[in-house]
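Participant: Protein chains in written order, with the numbering used here: chain A, 81 to 383; chain B, 81 to 383.
Read the hints as simulated data drawn from the structure, not as lab findings. A few of these clues could be false.
To be verified - Between beta-carbon pairs, the in silico distance windows are:
| no. | chain 1 | residue 1 | chain 2 | residue 2 | range |
| --- | --- | --- | --- | --- | --- |
| 1 | B | 296 | A | 96 | 29 to 37 Å |
| 2 | A | 184 | B | 251 | 24 to 32 Å |
| 3 | B | 183 | A | 289 | 50 to 58 Å |
| 4 | B | 117 | A | 334 | 39 to 47 Å |
All C-beta atoms, glycine included, are put in the ideal place defined by N, C-alpha and C.
Protein chains: 2
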Amino acid sequence: MIRLREEIAMNEKLKDFMESRISELSPVLEVAVKTLDTESRLKESMLYSLTAGGKRIRPLLISGVLHDLGKVHPAELHVGAALEMIHTYSLIHDDLPAMDDDDLRRGKPTNHKVYGEATAILAGDAMLTESFSVIGKAPSLTDAEKLELILLLTRTAGAEGMVGGQVLDMDAEQKKLSENELENVHRLKTGALLTFAVEAGAILAKAKATDREQLRRYARHIGIAFQIQDDILDVVGDEKVTGKKTGADAEQGKNTYPAILTMEGARQKLLHHHTEAVKAISFLKDPDPILRLIADYIIHRVS
Amino acid sequence: MIRLREEIAMNEKLKDFMESRISELSPVLEVAVKTLDTESRLKESMLYSLTAGGKRIRPLLISGVLHDLGKVHPAELHVGAALEMIHTYSLIHDDLPAMDDDDLRRGKPTNHKVYGEATAILAGDAMLTESFSVIGKAPSLTDAEKLELILLLTRTAGAEGMVGGQVLDMDAEQKKLSENELENVHRLKTGALLTFAVEAGAILAKAKATDREQLRRYARHIGIAFQIQDDILDVVGDEKVTGKKTGADAEQGKNTYPAILTMEGARQKLLHHHTEAVKAISFLKDPDPILRLIADYIIHRVS
Chain A
81 MIRLREEIAM NEKLKDFMES RISELSPVLE VAVKTLDTES RLKESMLYSL TAGGKRIRPL
141 LISGVLHDLG KVHPAELHVG AALEMIHTYS LIHDDLPAMD DDDLRRGKPT NHKVYGEATA
201 ILAGDAMLTE SFSVIGKAPS LTDAEKLELI LLLTRTAGAE GMVGGQVLDM DAEQKKLSEN
261 ELENVHRLKT GALLTFAVEA GAILAKAKAT DREQLRRYAR HIGIAFQIQD DILDVVGDEK
321 VTGKKTGADA EQGKNTYPAI LTMEGARQKL LHHHTEAVKA ISFLKDPDPI LRLIADYIIH
381 RVS
Chain B
81 MIRLREEIAM NEKLKDFMES RISELSPVLE VAVKTLDTES RLKESMLYSL TAGGKRIRPL
141 LISGVLHDLG KVHPAELHVG AALEMIHTYS LIHDDLPAMD DDDLRRGKPT NHKVYGEATA
201 ILAGDAMLTE SFSVIGKAPS LTDAEKLELI LLLTRTAGAE GMVGGQVLDM DAEQKKLSEN
261 ELENVHRLKT GALLTFAVEA GAILAKAKAT DREQLRRYAR HIGIAFQIQD DILDVVGDEK
321 VTGKKTGADA EQGKNTYPAI LTMEGARQKL LHHHTEAVKA ISFLKDPDPI LRLIADYIIH
381 RVS
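The following block holds chain A by itself, in its conformation from the complex (with noise of 0.2 Å):
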């Protein structure tokens, strides 16, 4: 078993879920790397940042969707997979010496530092195509259901959502964002991603469409409550258990949620925002819904 830093912030149920799910996650990421006919450099490379101890949070919303839903579905694993390959390819490019240039990830150096610029760009080229593939020939789904995913995948990642965000982000860079702003940035930065993730899991449980738009509110919330942790630990979190230096955004005058409410605001619009999920998701029949702990782990996480 794969045990996990976060001892403190993290109920003993959701722990004993997303250490079943990453162990199996895992070899399924792995042999759709490993597999591949090309040059060993590039798979290690892949293999590398695809390996660095991400916290799955996304497959994990997917297997939660269906948790809760009663359900199970053949190509779980496999959908997780091709989400955590799009997250991770878009941290190899965002790490560039000509995005954000960081050397660290998680305590370990970047793709980049490791295997030089030229074959980060093409092992983050190489991760989004086959995503691709990875649902093409997912289990158990219909033609159609590939497809709706693989639609919803590009609408998400592409440039209507994540990419679309990440340029967004860079204009931000020189200017004063209102809160509106920040929040579309983040809607699409990070935000659309884990809305493809809740999705996914609504496809693959077959949901109806009033609990599959509740579903898309949770999502909603829990991606801005998500994000506004993330700034708030920027500034008092520990830099040995997040792997990031502490204080990066304030230096480079980043447009932060404490940085425009103040870190009371933001601590207050985190409990909205954590509120508004677990309204949406109070359609679900369990008691102790994954769902409900993945938004209690988001706003209590340390790392």
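Using the hints, position chain B against chain A.
Facilitator: The following block gives chain B in isolation, referenced to the frame of chain A:
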């Protein structure tokens, strides 16, 4: 009508065919980008490279296959647009300082020279992502056909195809390759997307398996011929026509066919692959097929 510059080298029938297809393809490409709900700066950057006057040889191959098999398909231009988007993203990333570090492409400043490196990386990422969306939304295709095309695209564009070829090409900069090794680099780096084009045409035309196999052979040979002519043009081409600096490969110590085989040997090899490509499509009923004219054009082109 768009007038092409390769007046000398191009057969009238092919020229008419090319001009009609390019003028139909251009609006499909533009609509695919302009209708995206995203930052205008990102769209501008994507359109800049998409409309930079590429030869559209890949979409043209799709159309050529359909034409020569006597078929039409409403998705012809959409699949062509998706392929051209993949090709264009690869050029944007390839030109980056961390990769080939090129300032000019087709006689115009490269994407990162105009929009900056960060936007160029993201424009490439967005274009790669959206290409799958364009296929997923193409008209008059069954879900099974869309998935077949998407999986073929991931295989030919990703780690096992074009991206893998770019890694190989990068690694080759430090060493002297044999002819076989050089052929393998180009089979992936350039050949894979040409193969996609021809196979996609065969899928749209519902070509029978034996014809499809012959078309694949054709694609392999024109792929190699295309690269040999590229290498020859780098030595003897007219900068004003090619849009890039003559002699750049030799200056950078690149592995090229003339360097390995001598110029005379490279020319013979070029003719050999042309002959093999023409043989592979001898099954076509049309006595003057577009695919043969494309093969002729590839070995006679001056840019």
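Participant: Work down the list of hints and note, for each, if the structure agrees.
Facilitator: Going down the list of hints, with the structure as the test:
no.	hint	in the structure
1	B/296 / A/96: 29 to 37 Å	violated (50 Å)
2	A/184 / B/251: 24 to 32 Å	holds (27 Å)
3	B/183 / A/289: 50 to 58 Å	holds (52 Å)
4	B/117 / A/334: 39 to 47 Å	violated (25 Å)
Violated hints for the displayed structure, listed by number in ascending order: 1 and 4.
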